Structures are given as structure tokens and as C-alpha cells.
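*Asks:* Sequence:
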Amino acid sequence: MNKRLLVITVGLVAVLLVGIQFKNHKPAQETFSEATIKYGAEGSDVYELQGRLKHLGFYYGNIDGDFGYNTLKSVKWFQSEFGMKVDGIVGPKTKLKLWEATRSWKPSAPAGGGGNAGNTGGGGGGGGTSSGAVIKPPSLQGLSENDLNLMANAVYGESRGEPYIGQVAVAAVILNRLESPSFPHTISGVIFQPGAFTAVADGQIWLTPNETAKKAVREAINGNDPTNGCIYYFNPETATSKWIWTRTQIKTIGKHIFCK
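Numbering-wise (the UniProt record's numbering), the sequence shown opens with residue 1 and increments by one.
No wet-lab data here; the hints were simulated from the structure.
Keep in mind that this is a model prediction, so the values were computed, not measured.
We put the beta carbon where it would ideally sit given N, CA and C, even for glycine.
Fair warning: there could be bad hints in the mix.
What the hints assert, rightly or not - Label-pair restraints from in silico Cβ distances:
1. G161 <-> W245: 35 to 45 Å
2. L207 <-> G142: 40 to 50 Å
3. W245 <-> G40: 43 to 53 Å
4. T252 <-> N62: 13 to 23 Å
5. N228 <-> T31: 35 to 45 Å
Sequences are here, hints too, so could you generate the full structure?
*Replies:* Take a look at the structure:
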């Protein structure tokens with residue numbers, strides 16, 4: 001009898017402990033709520049916001065679910081780099097743009113206490129001016145895994161039918177833009193700059209890149225620039241922009257003309 005009672009007691013304790021663990025564990029969320037996120041907000045939406053911004057290299061602080069000054073600066077930086085209205089408010093348009101740029105992001109932090117952001121107001125959208133912060137471009141040696149993946153996606157989406165050297169050339173253009181003061185100072189900012197790449201506009205940026213595209217990215221990062229410093233390229237058979245023809249043409253590789 002005592003032995004049976006002991007087994008029952010141990011079983012009840014085990015069930016109780018599992019219940020406590022389940023109650024205390026709040027799984028991280030992968031999608032924003034509908035609330036607009038502003039400075040001073042707290043909660044799971046801010047966790048996600050900080051996580052996605054950090055994934056892109058716009059946020060360097062702790063992922064703590066607190067929309068403080070550092071998070072505000074990061075949001076404004078993101079909005080500026082992506083051609084949006086720079087107001088530091090994370091509304092529907094800013095959320096959508098952030099989600100599109102971080103589809104590979106997975107949450108690593110719990111969703112934190114409290115509710116979602118709570119405060120409501122206008123979202124991001126449209127063109128805007130810079131927040132005024134001076135952002136130095138990162139060293140090529142400091143590129144993240146996400147940067148490399150985005151570059152491979154862009155190279156594959158833009159030039160998968162081109163010869164290998166032409167794919168290296170496209171990757172080199174992305175890197176040349178990264179170091180140019182005329183372009184955003186992050187890989188994601190360069191690639192998702194409005195109107196910059198056809199593959200972003202038509203969705204081919206999200207095709208799974210092959211090993212050739214990945215190899216082309218690595219070669220460009222290692223210093224091979226077949227374009228000799230070009231920051232533009234176009235296909236003369238499909239180009240509709242009159243402006244691109246005014247650029248100084250340096251060379252043709254495959255079907256693309258590379259320009260400065």
C-alpha cells in the first residue's frame with residue numbers, strides 16, 4: 001500500500017512540475033500583432049521588432065522587449081535605408097517591409113510579459129528624409145550570414161541565366177554600392193532599395209539560390225570585381241529606363257552592360 005501511495009505521489013508531483021513549466025514558458029512569436037508600435041511600447045511585438053532589426057544589422061542592443069531610444073534609432077535607420085517615411089513609428093507598411101526583408105528570421109527570445117505595443121497611431125509609408133544620423137558602412141569582413149544569403153538570393157534572381165563571371169559581377173555591384181555614399185550602407189538596404197533590382201520587384205528574390213550563385217557571392221567578397229568598380233548594370237534588350245543609358249558604360253558581361 002505504501003509503495004502504491006509513493007508511486008501515485010511521485011506521478012502527481014511530476015504532472016504538477018510539467019504544468020508549471022508549460023505555464024511559465026511563452027513561445028516566441030513569429031508575426032506581429034495588428035498594433036502600431038511606438039517609442040515607449042513594451043511586449044512581444046517589440047521583441048519581434050528588435051529581433052528582426054538585429055537580424056538585418058540595424059539593431060545592436062539587447063532584445064528586451066522595451067522600445068527605448070536605441071530601438072527608435074534603429075527603426076528610423078531602417079525606414080531611411082528602405083525609402084520610407086522616417087518617423088520611428090512601426091505601422092503596417094513598416095511591418096510589411098521589415099517582414100519581407102527578414103523572411104528567414106526565427107525568434108530566439110521568449111515573447112516576454114505584458115501585452116503588445118498598445119499605442120496606436122500612423123504607420124510608416126511613402127518616401128521620407130533621413131533621420132540625420134551618420135551611419136558608417138560596415139567592413140566587408142563584417143557581413144553576416146543573412147547578408148550573404150540575401151546576396152545569393154539577389155544574384156540568383158537577377159542573373160541565374162548569365163555566365164558565372166556575370167554572376168560574380170552582379171555580386172560585385174552590390175558590394176560596390178555598399179561602399180558608395182550614394183547608396184544605403186547595409187546589404188539589405190542596397191538590395192531592397194526601391195526600384196534597385198528587378199528581382200525584388202517581381203518576387204524572384206525569394207527563389208532558392210543554387211551553389212553557383214553562392215560561390216559567386218563568395219568570390220566577389222574575396223575581392224574579384226569583374227566590373228572594375230561599377231555600381232549599375234542593365235540588360236539592353238529589356239531596359240525601359242532612358243536614364244540608365246546616360247551612365248558611363250564600362251563593359252559588357254553576358255547580357256548585361258555594367259556602368260558607373
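*Asks:* Against this structure, judge whether each hint is valid.
*Replies:* Going through the hints against the structure:
no., hint, verdict
1, G161 <-> W245: 35 to 45 Å, "22 Å, violated"
2, L207 <-> G142: 40 to 50 Å, "27 Å, violated"
3, W245 <-> G40: 43 to 53 Å, "49 Å, holds"
4, T252 <-> N62: 13 to 23 Å, "49 Å, violated"
5, N228 <-> T31: 35 to 45 Å, "44 Å, holds"
Hints 1, 2 and 4 from the list above are not met by this structure, while the remaining hints are.
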